[in-house]
Amino acid sequence: MIGIGVKDVSSRLINAYFQSRLGFSKEETILLRNEYSRSYGLIVEGLVSNYQVDPLEFNSMVDDALPLDSLIKPNPELRQLLEEIGKGKFRL
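Just so you know, the sequence shown maps onto residues 1 to 92 in UniProt numbering.
One or more of the hints may lead you astray.
[Stated by the list, open to error] Listed next, the in silico DSS-like pairs over lysine-lysine satisfying Cα-Cα at most 30 Å (straight line):
1) Lys87 - Lys73
2) Lys26 - Lys7
3) Lys87 - Lys26
These are calculated hints, taken from the structure and not from any lab test.
Take the sequences, apply the hints, and build the full model.
Here's what the structure looks like:
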């Protein structure tokens, strides 16, 4: 999965859910994804409202299926930068 990010893989998993679990065509999938994102804020909200999709099943087949260990790598420089933010501002 070199060069593929979390958003790309997530998009593929969402498309697969629409097509394999709900029987939508590629074109229908694109239209509904866009509509539900715009109208509901979250695609899963549109699926629950319109197709009584189990949100836990959707989550397990999309979000929980993301191979995060292969997509997100440690970044020591970013970690150090984030740890430095706000240091010294609060005292306990």
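How the hints compare with the structure:
Distance hint between lysine 87 and lysine 73 is fulfilled; the C-alpha atoms sit about 25 Å from each other, no more than 30 Å. Straight-line distance between C-alpha atoms of lysine 26 and lysine 7 comes to about 18 Å, which keeps the hinted pair within the 30 Å bound. Restraint check for lysine 87 and lysine 26: the C-alpha separation of about 49 Å exceeds 30 Å, so the hint is violated.
Of the numbered hints stated above, the single one contradicted by the structure is hint 3.
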